[in-house]
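Letter by letter, the sequence shown follows residues 1 to 117 in the numbering used here.
Watch out, some of these pointers could steer you wrong.
Stated by the list, open to error - Subject to a maximum C-alpha distance of 35 Å in a straight line, what follows is the list of computed DSBU-like cross-link-like pairs (lysine-lysine):
(1) K32 x K49
(2) K32 x K61
(3) K92 x K61
(4) K49 x K61
(5) K32 x K92
Unchecked claim - Between beta-carbon pairs, the in silico distance windows are:
(6) E3 x E74: 17 to 23 Å
(7) T63 x D2: 38 to 44 Å
(8) L5 x T57: 36 to 42 Å
(9) R6 x P65: 31 to 37 Å
(10) K49 x Q85: 28 to 34 Å
(11) I64 x L89: 40 to 46 Å
(12) P36 x S9: 30 to 36 Å
Rather than coming from a laboratory, the hints here were simulated on the basis of the structure. Note that CB positions come from ideal geometry on N, CA and C, so glycine has one too.
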Amino acid sequence: MDELLRIISGPWTTYILWRLANNGTVRFGELKRMVPGISSRMLTERLRKLEDTGFVTRSFKPTIPPEVSYTLTERGLELRETLNQLSALSIKWNMAGPCETNVGHGNTERTQTAKVS
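All chains should be modelled from the sequences, with the hints used to inform the complete structure.
Here it is in structure tokens:
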């Protein structure tokens, strides 16, 4: 369990996983907008770590401009319920971060977490 917690407790990692769990396949720029405050460098670093540890897959299409998208693997999808529960608790306990308080694009009101079945 320590290794799993070490991986998912890295900076921004739970937000990235949570966004992918609730939005499916997402392009890099869109994911960056979904995680307010993250730099492109940090997002790239976190996504590479998640890819290396088998939680995320990266797809590349050599279009102009290139299309890079990310999706959770089966391993990553197994975290969906846990991530949704953590998000709900953070809202309930008034400990929500920028992702929970910005669930919709441009929406800064605190909202309930969208759950995916």
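Verification of the supplied hints:
{"no.": "1", "hint": "K32 x K49", "in the structure": "16 Å, holds"}
{"no.": "2", "hint": "K32 x K61", "in the structure": "19 Å, holds"}
{"no.": "3", "hint": "K92 x K61", "in the structure": "40 Å, violated"}
{"no.": "4", "hint": "K49 x K61", "in the structure": "21 Å, holds"}
{"no.": "5", "hint": "K32 x K92", "in the structure": "25 Å, holds"}
{"no.": "6", "hint": "E3 x E74: 17 to 23 Å", "in the structure": "18 Å, holds"}
{"no.": "7", "hint": "T63 x D2: 38 to 44 Å", "in the structure": "41 Å, holds"}
{"no.": "8", "hint": "L5 x T57: 36 to 42 Å", "in the structure": "22 Å, violated"}
{"no.": "9", "hint": "R6 x P65: 31 to 37 Å", "in the structure": "35 Å, holds"}
{"no.": "10", "hint": "K49 x Q85: 28 to 34 Å", "in the structure": "23 Å, violated"}
{"no.": "11", "hint": "I64 x L89: 40 to 46 Å", "in the structure": "44 Å, holds"}
{"no.": "12", "hint": "P36 x S9: 30 to 36 Å", "in the structure": "19 Å, violated"}
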